[in-house]
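Chemist: In case you want the letters, here they are:
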Amino acid sequence: MKYTDGNNCFVYIDHDEGTINQVSLELLTEAKHLMKRLKAPEKVVAIWLGTFTDDILKMLGDYGADHIITCEREDLNQYDVMKHTTVISEMIDAYHPQSMLIGGTVKGRELAPRISARVHTGLTADATQIDLDGETHHLAITRPAFGGNLYATIITPDHFPQMATIRPGVFEAKTFGHTSLPTQETFQYDKALHSPIEVMAIEEKDTKRTNIADAKLIVSAGRGVKNCLNLVSDVAAHLNGEVASSRALVDGGIMSKNHQVGQTGHTVRPSLYIACGISGAVQHTAGMDKSDTIIAINTDENAPIFDVADLGIVGDAQAILKQLQKQLDA
Amino acid sequence: MNIAVLVKQVPDTTEIKIDKETGALIRKGIPTITNPDDLTGVELALQLKETYGGNIHAFTMGPSSAKNMLRELYARGIDEATLLSDKAFAGSDTWATSHILASALKKHAFDLVIAGRQAIDGDTAQVGPQVAEFLKIPHVSYVDRVIDYNDGMLKVKKNEEHRMLTLNLPTPALITVLDEAAKPRYMNMFDIFRRSHLPLNQLTCDDLDVSLADIGIKGSPTKVKKTFNKSATQKQPKQTLNPEQAARTILDFIEAKGGQS
Ligand SMILES: Cc1cc2nc3c(=O)[nH]c(=O)nc-3n(C[C@H](O)[C@H](O)[C@H](O)COP(=O)(O)OP(=O)(O)OC[C@H]3O[C@@H](n4cnc5c(N)ncnc54)[C@H](O)[C@@H]3O)c2cc1C
Ligand SMILES: Nc1ncnc2c1ncn2[C@@H]1O[C@H](COP(=O)(O)O)[C@@H](O)[C@H]1O
Chain U
1 MKYTDGNNCF VYIDHDEGTI NQVSLELLTE AKHLMKRLKA PEKVVAIWLG TFTDDILKML
61 GDYGADHIIT CEREDLNQYD VMKHTTVISE MIDAYHPQSM LIGGTVKGRE LAPRISARVH
121 TGLTADATQI DLDGETHHLA ITRPAFGGNL YATIITPDHF PQMATIRPGV FEAKTFGHTS
181 LPTQETFQYD KALHSPIEVM AIEEKDTKRT NIADAKLIVS AGRGVKNCLN LVSDVAAHLN
241 GEVASSRALV DGGIMSKNHQ VGQTGHTVRP SLYIACGISG AVQHTAGMDK SDTIIAINTD
301 ENAPIFDVAD LGIVGDAQAI LKQLQKQLDA
Chain V
1 MNIAVLVKQV PDTTEIKIDK ETGALIRKGI PTITNPDDLT GVELALQLKE TYGGNIHAFT
61 MGPSSAKNML RELYARGIDE ATLLSDKAFA GSDTWATSHI LASALKKHAF DLVIAGRQAI
121 DGDTAQVGPQ VAEFLKIPHV SYVDRVIDYN DGMLKVKKNE EHRMLTLNLP TPALITVLDE
181 AAKPRYMNMF DIFRRSHLPL NQLTCDDLDV SLADIGIKGS PTKVKKTFNK SATQKQPKQT
241 LNPEQAARTI LDFIEAKGGQ S
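Chains as they are written, first to last, in the working numbering: chain U, 1 to 330; chain V, 1 to 261.
No wet-lab data here; the hints were simulated from the structure.
Please note: incorrect hints may appear among the correct ones.
[To be verified] Here are the simulated BS3-like pairs of lysine-lysine, each with C-alpha atoms no more than 27 Å apart in a straight line:
| no. | chain 1 | residue 1 | chain 2 | residue 2 |
| --- | --- | --- | --- | --- |
| 1 | U | K43 | U | K174 |
| 2 | V | K107 | U | K39 |
| 3 | V | K226 | U | K205 |
| 4 | V | K67 | V | K107 |
| 5 | V | K223 | U | K36 |
| 6 | U | K39 | V | K183 |
| 7 | V | K106 | U | K36 |
| 8 | V | K183 | U | K290 |
| 9 | V | K225 | U | K216 |
| 10 | U | K191 | U | K83 |
Source: prediction; values computed, not measured.
Chain V on its own, in the form it takes in the complex (with noise of 0.2 Å):
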């Protein structure tokens, strides 16, 4: 079975802070982190190849700095990692990202696509169809549980609001997955040292089979208007009171508000 996973290396967003004075976001200094759903993908795929064998192929677009990630996850175990950097994919909304990660895909035959269900900074959930769209191959989001794969089918559980499918799909196809369908381990220092130094393939624009007109910020259909940060007003003052008076204060709002239900 030979995989491939998509990757984006994020900054770190429990770390992130807000300029009060201007409200923008303070990048210097934070901590990225391998998006934490693509941890679960590259785990899950590792797994898959345990038991049916083949090749794992990392995929992720971004700026040179997303190399570090990539050689932290051939410590992981994966076979090959391809970094997609140019300075003309820079500010692809998904749907371009989507028809960049597919062009570089396109030149593979792979059995099966592993995304992770979003990614913490986009916060989408939208690449990994996107993907599967351009790639012309069917899909099935918010994979909760590989269950086998048997003759070229895959079976998956997918986990909706209110019930669990079970789903058989022939490959290649992609999957998005949650975070329960595989739990990463930990690496060994063995493996860390002996590994990472595996050699990254690098593509650019130049190398994959797509237009100027669809990348980057021309090419995205979406454009932002504006960002802004909503910390506003604060709607009431507060009130320090000891804990009898709190409640006392509370029930009293309550009431005066209409009654509890």
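Looking at chain U on its own, in the form it has when it is part of the complex (with noise of 0.2 Å):
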């Protein structure tokens, strides 16, 4: 749609029967910087569809939402691709906001392309860092391009709300010491919602799922050290810390998909991220370079792993990992 008189910016909070996805929080506290950012500070918009209750109020209000619009009708509460585009377009309509920030999720890369196309607006996929173009309300997105070997940035001068997905860990949820609560309003949407969609089963995934993105220490391996990935474990473990792979290795077969930490897998910023054997191409290190500290071990010194490493060890990971199993446990 074209420019009218809006100004604020959206962020669409996913919640799953109201508990909300840790990615929408760190959505709102980014857009609450960036809003700051302008001359005129506008306002961090939530965006809630389904029941509401007093505690969602506060807990957006903590991570920067000034604002909320809520549309509590009972048949939102479980998320519907063809329900939520129409629902959050005729907002769209309705408010006008500058932009709108999706959590770059299943759900988020599923619905906001959707709601793009129907409310004619660009959207940028997986942004790993917003700027404002000059002082303007125009966002200036940032995203890797060609299977992250260049990054563009992207920006939708014409068409509003300005949209961009972002993968959960891009950024990081804080909370706003805040005084007041954040005001609300109900956006009233009162016809009939159907989807032809129909839910036949849900079934959770095996709870042995590994939290690397929640890891405080991550002990990561490549293609390098595929023949002793037991020591990997076994540094890990005395490290207190989980392990992580490249792609290499789950393409391999040899780690699982959960593991896998980059631009197609998990954004993980841990304290510290060792990351073994492994080359460093910028769709891995898309989803790791936010760590605080980073020790990259590799035996060609050339590799664009030791570009974003604090410590660089050239040499063979399999030594050094058995050198420090055996410090470790001495």
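Dock chain one against chain two, each of which comes alone in its own frame, and use the hints as you go.
Modeler: Here it is, written out as structure tokens:
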């Protein structure tokens, strides 16, 4: 849609029956930082579909929401791409937000493009950085392009809202010590909503899933250590950390997909990330370069992983891990 | 079951090199491939056809070199292929691309449209859902498996982060597929020889009901402001150490950083 008079930044709150997905809090925080940088700060508006409570109001406020627009219908408690597209597009028509951020989860990546097509606006996928273009309201959204070999900064100059999806973990969720609760407004949508898509069954996945996304310390394995993964896990266990991996090992069927760090895997930001035998392709570093501290071990002194490392060691990871094991045991 | 498959020819990104001096992409001599998720889509279509009958029609928007890809898909067993190619399409973002693809699809009656989850060059996973919206049909992204097709209802498994959903949706519908959905078969020499000369359909802007204002660079809501190569400066000098020293250095480093968690 063409720009009219709106200005706020909408953040879609992804939730399962009231349990908020962390990525939405990360986006609220980032949106707050962005809006504060404007000469005349604008509001961060959280968009909530489904049953709403005061606890949710407070929580969204804590993480940066100034205002909340709700559409409290029970038939919106469960995410449905068709219903959610309709209601959110109607909200966009009614409020003319400047921009809208949506978490880059499976849901978000299914929903956001559908909305952008309906309201005729631009959508940038998998933003890794969001800036203001000069001092204007325009967002300059940076994302990896060409499989991460290049970065591109994208703008949506003439259409609104300027939309972006952002993967979990790219931004940090922080609470703002605030004095007043956010304001709330109800978006009245009374028309019948029906979706042709019917949910027949939901299976929770294996609970054994790793939680590398929340880990404080990660020892990560690449193709260079594929023959000594037991050493990697042993050292990780000694350091109270989790094991992660590059995609090379996932594609090779050696590690499961939920261990994968990178553009098409998890984004992690542990206090310490130890990369063993990982070359450091941009697709990999896109998922770990925000770690507080990075140690890289690689036999190739020109490996790009050293470009992001705080401590770079040129050497055989297997031998070094063995030594680490020995010294940790001592 | 009549199926449209959306396929894109992409540079083989594992082969992409960056010019260290200019930071630009070296495109010369980079081989192109059929986008991997799209090959999954083609294979899934072939399997559905084997079970439910019907016709498979592949669509691609791209330069005329994409004909080679379409010939390969003929060899794999699709029934019809259409190339959408026009100078006016160049520079289209996902919105404009989807608009163009949808206007070509509208000329036919399909039960199912299959797109890949994402293209390895654009990497947006947006075109499938946007095409579905332009066609005003329901869609499901991240389909891991098609379970069955009965009375016009398609039953699929969708793979979310922490759960698997079984969904029923009426056709016509669009799905975007993950590589788990089907494993592309090997082509046999006989088919390559026999089928790759089948005629290709070619459409240009004039054949479609699209306005110049909605396609190409001009019709794309998003614009690329700049591209850059992030292989920035090295943070710290590298050290070459023997394993024992290396292990010690690492442990000292961890300690200095405040110890392990
Ligand atoms: C669209 C797309 C998305 C992608 N998404 C991801 C993603 O999410 N995550 C990801 O990781 N990758 C991703 N990739 C793949 C990525 O481009 C790389 O191919 C991959 O990260 C390489 O993994 P690797 O570093 O383990 O293997 P390699 O590149 O093969 O590197 C192995 C490294 O080990 C070193 N080595 C060998 N032996 C030893 C030894 N004994 N001791 C120490 N070092 C040794 C070598 O010098 C080399 O640097 C993606 C690619 C594409 C095209
Ligand atoms: N130019 C194109 N021609 C045909 N199909 C396309 C084109 N671009 C994208 N697609 C389809 O949309 C999917 C997602 O692409 P993308 O949104 O670029 O990640 C691809 O896997 C293709 O199935």
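Chemist: Now look at each hint and say whether the structure bears it out.
Modeler: Status of the hints after comparison with the structure:
Between U/K43 and U/K174 the CA atoms are separated by roughly 17 Å; this keeps the pair inside 27 Å, and the hint holds. Proposed proximity of V/K107 and U/K39 is contradicted: the alpha carbons are some 50 Å apart, above 27 Å. Between V/K226 and U/K205 the CA atoms are separated by roughly 41 Å; this puts the pair beyond 27 Å, and the hint is violated. Distance restraint check for V/K67 and V/K107: the Cα-Cα separation of roughly 21 Å lies within the 27 Å cut-off, and the hinted pair is therefore satisfied.
Of the pairs offered as hints, the one joining V/K223 and U/K36 holds, with about 25 Å between alpha carbons and a cut-off of 27 Å not exceeded. A hinted pair counts as satisfied when its Cα atoms are at most 27 Å apart, and U/K39 with V/K183 does not qualify at roughly 54 Å. Taking the CA atoms of V/K106 and U/K36, the gap is near 45 Å; set against the 27 Å cutoff, the hint is violated. This hinted pair does not check out: V/K183 and U/K290 have alpha carbons roughly 35 Å apart, beyond 27 Å.
Distance restraint check for V/K225 and U/K216: the Cα-Cα separation of roughly 36 Å exceeds the 27 Å cut-off, and the hinted pair is therefore not satisfied. Between U/K191 and U/K83, the direct Cα distance comes to roughly 11 Å. Compliance with the 27 Å bound is thereby established for this hinted pair.
Hints 2, 3, 6, 7, 8 and 9, counting from the list given before, are not met by this structure.
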